[in-house]
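Undergrad: In case you want the letters, here they are:
Protein chains: 8
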Amino acid sequence: MHKSEIAAIMKSVRKGALSVEKAVDRLSHLPYEDLSFAKVDHHRHLVQGVPEVILAQGKSAAEIRSIAKTMYRRCGRVLITKATKEVYDCLRLEQAVYHPASGVISAGAVKEKTRGLVMIASAGTSDIPVAEEAAVTASFLGSKVETEYDVGVAGIHRLLDKKRKFSSARVVVVVAGMEGALPSVIGGLTDRPVVAVPTSTGYGTSFGGLTALFAMLNSCVPGIAVMNIDNGFGAGCLAHKINTI
Amino acid sequence: MHKSEIAAIMKSVRKGALSVEKAVDRLSHLPYEDLSFAKVDHHRHLVQGVPEVILAQGKSAAEIRSIAKTMYRRCGRVLITKATKEVYDCLRLEQAVYHPASGVISAGAVKEKTRGLVMIASAGTSDIPVAEEAAVTASFLGSKVETEYDVGVAGIHRLLDKKRKFSSARVVVVVAGMEGALPSVIGGLTDRPVVAVPTSTGYGTSFGGLTALFAMLNSCVPGIAVMNIDNGFGAGCLAHKINTI
Amino acid sequence: MHKSEIAAIMKSVRKGALSVEKAVDRLSHLPYEDLSFAKVDHHRHLVQGVPEVILAQGKSAAEIRSIAKTMYRRCGRVLITKATKEVYDCLRLEQAVYHPASGVISAGAVKEKTRGLVMIASAGTSDIPVAEEAAVTASFLGSKVETEYDVGVAGIHRLLDKKRKFSSARVVVVVAGMEGALPSVIGGLTDRPVVAVPTSTGYGTSFGGLTALFAMLNSCVPGIAVMNIDNGFGAGCLAHKINTI
Amino acid sequence: MHKSEIAAIMKSVRKGALSVEKAVDRLSHLPYEDLSFAKVDHHRHLVQGVPEVILAQGKSAAEIRSIAKTMYRRCGRVLITKATKEVYDCLRLEQAVYHPASGVISAGAVKEKTRGLVMIASAGTSDIPVAEEAAVTASFLGSKVETEYDVGVAGIHRLLDKKRKFSSARVVVVVAGMEGALPSVIGGLTDRPVVAVPTSTGYGTSFGGLTALFAMLNSCVPGIAVMNIDNGFGAGCLAHKINTI
Amino acid sequence: MHKSEIAAIMKSVRKGALSVEKAVDRLSHLPYEDLSFAKVDHHRHLVQGVPEVILAQGKSAAEIRSIAKTMYRRCGRVLITKATKEVYDCLRLEQAVYHPASGVISAGAVKEKTRGLVMIASAGTSDIPVAEEAAVTASFLGSKVETEYDVGVAGIHRLLDKKRKFSSARVVVVVAGMEGALPSVIGGLTDRPVVAVPTSTGYGTSFGGLTALFAMLNSCVPGIAVMNIDNGFGAGCLAHKINTI
Amino acid sequence: MHKSEIAAIMKSVRKGALSVEKAVDRLSHLPYEDLSFAKVDHHRHLVQGVPEVILAQGKSAAEIRSIAKTMYRRCGRVLITKATKEVYDCLRLEQAVYHPASGVISAGAVKEKTRGLVMIASAGTSDIPVAEEAAVTASFLGSKVETEYDVGVAGIHRLLDKKRKFSSARVVVVVAGMEGALPSVIGGLTDRPVVAVPTSTGYGTSFGGLTALFAMLNSCVPGIAVMNIDNGFGAGCLAHKINTI
Amino acid sequence: MHKSEIAAIMKSVRKGALSVEKAVDRLSHLPYEDLSFAKVDHHRHLVQGVPEVILAQGKSAAEIRSIAKTMYRRCGRVLITKATKEVYDCLRLEQAVYHPASGVISAGAVKEKTRGLVMIASAGTSDIPVAEEAAVTASFLGSKVETEYDVGVAGIHRLLDKKRKFSSARVVVVVAGMEGALPSVIGGLTDRPVVAVPTSTGYGTSFGGLTALFAMLNSCVPGIAVMNIDNGFGAGCLAHKINTI
Amino acid sequence: MHKSEIAAIMKSVRKGALSVEKAVDRLSHLPYEDLSFAKVDHHRHLVQGVPEVILAQGKSAAEIRSIAKTMYRRCGRVLITKATKEVYDCLRLEQAVYHPASGVISAGAVKEKTRGLVMIASAGTSDIPVAEEAAVTASFLGSKVETEYDVGVAGIHRLLDKKRKFSSARVVVVVAGMEGALPSVIGGLTDRPVVAVPTSTGYGTSFGGLTALFAMLNSCVPGIAVMNIDNGFGAGCLAHKINTI
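Chains F, V, X, L, Y, P, Z and H supply the protein sequences, listed in that same order. Under this note's numbering, think of the first position of the first sequence as 1, with each following residue one higher. Under this note's numbering, think of the first position of the second sequence as 1, with each following residue one higher. Under this note's numbering, think of the first position of the third sequence as 1, with each following residue one higher. Under this note's numbering, think of the first position of the fourth sequence as 1, with each following residue one higher. Under this note's numbering, think of the first position of the fifth sequence as 1, with each following residue one higher. Under this note's numbering, think of the first position of the sixth sequence as 1, with each following residue one higher. Under this note's numbering, think of the first position of the seventh sequence as 1, with each following residue one higher. Under this note's numbering, think of the first position of the eighth sequence as 1, with each following residue one higher.
Don't read these hints as lab results, they were simulated from the structure. Cβ atoms here follow ideal geometry from the backbone N, Cα and C, with glycine treated the same way. Some clues are possibly wrong.
[What the hints assert, rightly or not] Here are some chain L residues the structure puts well away from chain Y; computed CB gaps all over 12 angstroms:
id, residue
1, G16
2, R74
3, P100
4, K111
5, I186
[What the hints assert, rightly or not] Here are the computed distance ranges between Cβ atoms for each label pair:
id, chain 1, residue 1, chain 2, residue 2, range
6, Z, K111, H, A17, 25 to 31 angstroms
7, X, K163, V, V110, 42 to 48 angstroms
8, H, R164, V, V110, 36 to 42 angstroms
[To be verified] Chain H is faced by these chain P residues, among others (derived, beta-carbon under 8 angstroms):
id, residue
9, Q57
10, S126
11, I128
12, V151
13, R158
14, T201
15, T205
For reference, chain F alone in the conformation it holds in the complex (with noise of 0.2 angstroms):
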């Protein structure tokens, strides 16, 4: 709902057209819809920059068709993070695309993209599902998107090698997972904004992902932008609102 329509309202009161009672009652009449398991979001994009999305993970296929089929009709696009190709198969929706390395699930994607570029590194290749998830969801969103995959701290040569190119974009997400080092090497060879996104790759003391989060929480270089583990939906969404500022 638009301050316009707010302000539409008022005057309706005003001119007596409106009574008091009816117009509260507008007010409080929100865009949302009310799926009783859901409460599907029209106008999420306007206020927050991003529409809704929906997170697979702990929804039934049924109600995830239900809930995108209802975002779909009305915004004319939907993102599904976390998803299955059971998932996809279920949901039946013609123009949705499901990419199989990050489990992500698209339909109606920005076709202009911005000029800006955002540029997306991993560490390992383990690393790929999750800076594959922020690479589709910063597209999906309008954002032009480079990756550059497996240039981890073990081979500092491949890394360096790469400088000029994250110098060129906007903004650089780095994945990595175990010790989660890759974030501080690159944020000391740019001064673009770096998004950190730690994974759960690795073993015994990577706590699932927990010591390369705290490590880039801890990062000696200052001013880098930390996700949750695995997340690069949220890392693509950051990337894109800064890119599009």
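Following the hints, position chains V, X, L, Y, P, Z and H against chain F.
TA: Leaving out everything else, chains V, X, L, Y, P, Z and H in the frame of chain F:
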């Protein structure tokens, strides 16, 4: 050391004006100064967009003074965080200003501010020192800064009242301790990038800020950038980088 | 065993109708039944206001059936939580109803509901199983129950819209995972006692609900009652106790 | 700001006595006072049933005095928790009383107590400060309060002796450190709602109260309301809310 | 190898019947058998009062069979813990008995029981597997054992009823999950040494038994012996050692 | 209150010499004294085999003196743990002795020692305060005690040398910090029950004794009794109970 | 790329045989191969002393095969850790050997072994897979390896027996789970560098190897090198590096 | 006690010059001195390659002096770590030197250094105390030592500049706090064994060094040896052992 300097060296080598050995030597003579206990990094600003900054905590007053003077002499400005009044008194650097609310010392801040606005909000009165650290840092680096304190979710009307203000900024820094819910609520009200800083405010299971940190990492609003506990400085850096992208 | 029965025993002792030895013996013959692997406690309802309830998890289907039948035979009602459809099928208790959304089995629920209302809110769709466990429990015990799902803080307008509804209840149960901010926000909008239930919804640093739990314990709104993770049953009990005080 | 005031504004708009712009402005002029470092919330009592309270910890004595005086002037009463004698001495508020056992300062407590009783029990002598914080808070808000200290489970006869007393209350607050078993045992003896407060009493694996907290959350007695560690204030609030429902 | 054997070697050396080299060699020929992947320790019973026992978990069925047969052949008895029915079926050791409630396999248990009694109590039905592991172990080693299950603190009358029984034992093993309060309550009712075993029963903040473990370590009843989570075997060993001291 | 006293009351009831009301009243008059902030439990020794003991930590010197004097007047002996010299000086109890190595104050210790021996070993010099707390406690309760300090596993020959000594005791208390390996090694050398006490000796990942605690709980030697960190007092109690079984 | 190659490039630049642009380009053409999802690093052996190795866990069989073949083609050898039989079957690399005890696949191991010996000890039978991973790795890299399994501290005579053997090695790898005491005991018996590897063997508070890890980090024997949990591969690398220094 | 001494005893037994009883006695008279609170171990250097060292923390100045003098008298050298200036002043040992940067006291260090070099690097200025502890220790034991401080990854050009230096050493000790990335980066640049020491430098989620520790254990560079937090002493020992293998 700029690229043009490196090109010049290479050209001298081609011309024979510079021997191969000397070229190698010069390339390794990087623009930092060795104080034996510290290597002051004069060209970090060029590379990372933020000059090297001194974390006072864990260093002696004598070490701080020595590093600060070297920096100030070469770069014309210096920022010291987590400092006490004692450190300031011992510094004897005429141009330095002590910010008591945040424990920051600054000298030679950028005068001309960018046009974009960094908005800084705190949940409670106890979170102000960290919020002020962010404010002083972003302002030192050249951003225009406004603050709005004590707008926590317990009295949500105080917060809704400020909604327009948040949307007028280019980036919003949100500082909160205890349950750390404020970034989620502000993030749900604006389309600006939100930088969340957990603070060590609270007791018992606030775990010195850990609960607020994890709450922020798990925000149901996508794309919130999270900082280390009490890291107002990092938030100020990131906000400034985003503001001047 | 009621107090009047105890008084009767003492009077018999005084009259000499009962020997001291037998009195001691009878007092120790307490009203529970020994199934060797379980001691079914038939008078718990009198003492604690809530009858003994079976937590299915960690017990075999045969054990559950044996305990449930003993309870139903003596008390005329039984509640089983965290149960699967398999447990229900194996139970073969005619009056039992299986609630698939919550995994609760109930038989012989109180028909006449109290006039006070228990309101149950959930932050997201994934929190519904726990919210339903609370709803079925409170209803089984005799409370009138209403639910409002998917009103999380990311779309705060959905929530503000329901403010009046929360204040019409005698007690509000709030179920949320991830950053667990919903109880703080609802607690800031109403003067009703709030019972907060963290859920294991989320990934990474949601730590299976721990982050939501700690956020709720640290709420800046004073006096929120917190339950164990996913403990909808406990919330239903407490809400009913408060409702019928 | 009451609903009648809002209705009045709307009526003025209809009559043309108030311009639309001014109406919007007035609606945003909410009843809190801005002290720049704090926004004192004068109508919180109306909304949440408990007035705003000052947590002394983490605030300077000057800040506390300024907030307290503003509150007292407008609401006629004020409560300050986790305060030292120094804070009290600096407060210079004539009506204020310092409760040394709990570190609470109160001024203008409700004189007429409700008829319902809040019973407060502590496991040991070391838990008394937290129990007293609950007692002073509930009494300040208007509840009748009785206390029973040092009734821990190691000498269970001391506890069974008080069983009748617990059942005469409308709500029982149980304060315990170390293994935190007391709420389970009291909860097994009464049908009253039990509010459990873990304390930081103990050493080694008591983890500053965490062990007691988790024990209480896992109580085999269903429906126990758990508070943050050492949060006697919150327990007093919840007990009073339940008592006056 | 007994001390007398060592004395005999030394005497042979003195007599010249044994060379110094051979004496050194023989002393190092210790009474264990090398299966390459395991060194079966035949004289452990002499040294530690308990024979070597096989923890099935983490070993293949073939390894277990090989170790068990070697032990049985030399010592005439063997105990295997945390075993499945599959392990038992693969064992093909005629004298072995499988205890399904605890997952223990035993062969050649001591027939003549000591006169002292080991009493084993469990808080709930779900704790029985661990309690049974303790019971089978103590009985295998030669102790007389009695059990009392489902006597948790939620229904404390079931427990007080058994007070005399606990005091008739020489040592009491108490097995409990969730909040782990039972050892404190039983320890407060008897002067017998109490061996407490936390179990992984529970969910959420029971942390797989950690909460019960820490509660037991922090018991306000002094001198409770605590075991690792689910370590019924260790409790059986300790109880037997105390019983036969 | 002994059983004979209870029998006497019941007989008076039968004879009519005592009214039912008075009988009920008298039965609830249990043998503890109410100091308002503490309920001193005079018959605990009878029930638990160990008299009530005062943990100084968390209590004021005035509270300690008041509780200690009440205990000493009624029981003729008192033990205070984790006490400072200041507490002792303030106590003014003539018969009291201050043990500086352990911070224990004792008065009226049992003079006639049992014949069985409690052996107490410590890994390092820094573990002595906790070991001494165990030694003073066991001795106060009536056990014969010997100590062997600084026999940690880094110099295993110092330990093997004492093997015979350990086996001459009825129970061995082993006190160790850091990696907590000593109980495993001593437990592998003797058939006596071993009581393990972790200490907070160490730094970094010793986690204030947690690493030693967990190592002891995971000992590959079965049946080691584990105490809370730094709980020498509890170890002394358990050792004495086992010694006098 | 060796230093001589770089010198050659520089000389070509001086001679004018190579343009500055091309020189820059060539220097950035580093010796790795880009498979898009992985950048295979062919000169790592030169730099780090150990060739790049494939951690199978978290990679698909197709990815592993592709990386392995590229490596084998260029370097003539390849090592894959934490692999299953399925990975091996899918690999179809003729020279590859599958080591079932450790889940390692190797092809092209160094034939000529160094003269120094790497000794590898395990505490129990369940620790053998990790110990074997270390053994296969060190052997693959060219070290002579001997193993001694099941020599844990519960039967310390089995261990003392092997003392001479440990001192004959150049470096000793000690693999242990549960309380992780073995490295301390072996470290106390030899002057060789000890590499300690905690394993996830155990249950309850073994925390998947964390207890063993912390015990090893806190060893009272100074200078023990600690590896991540279950990281036999890392231990094999370090042992080989020390062996060939 | 050397093996030859043991052989001599055995020969005396054979000759009859020594009774069996006396031989047993003498063998148990091991070369340590009993100070009652400490058993000073004079032959540890022979067994472990490093003499016994005194950790000052947790010991009184008097205890330290007594142990130190005994050691110095017998071995001619002594090393004390984590000591304050007060300890040094109280020591009154003429030959002792106090190293203020590391808090180490040394007397009688080895004069002739080995030819191999131990290189010690620190990430920041705050890590120097721990780095110096390693340096003083390795030098005391007889290694040649060089240091390179403040070469953290934020300014990676400072680090690459030193690459050649690292490769000229036989072993590299890397000391770092915060995100602990430095060992990975240095480990990627050299084939020398790397010993990593996490420090407690940092705040918030640096968890007193735990984040750096876990990062180092999870390094993507294989074979890094990790020490306990702030354990510069252990790193010095291990580096010297590797250097002199």
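Undergrad: Looking back at the numbered hints, which does the structure fail to meet, lowest number first?
TA: 5, 6 and 9
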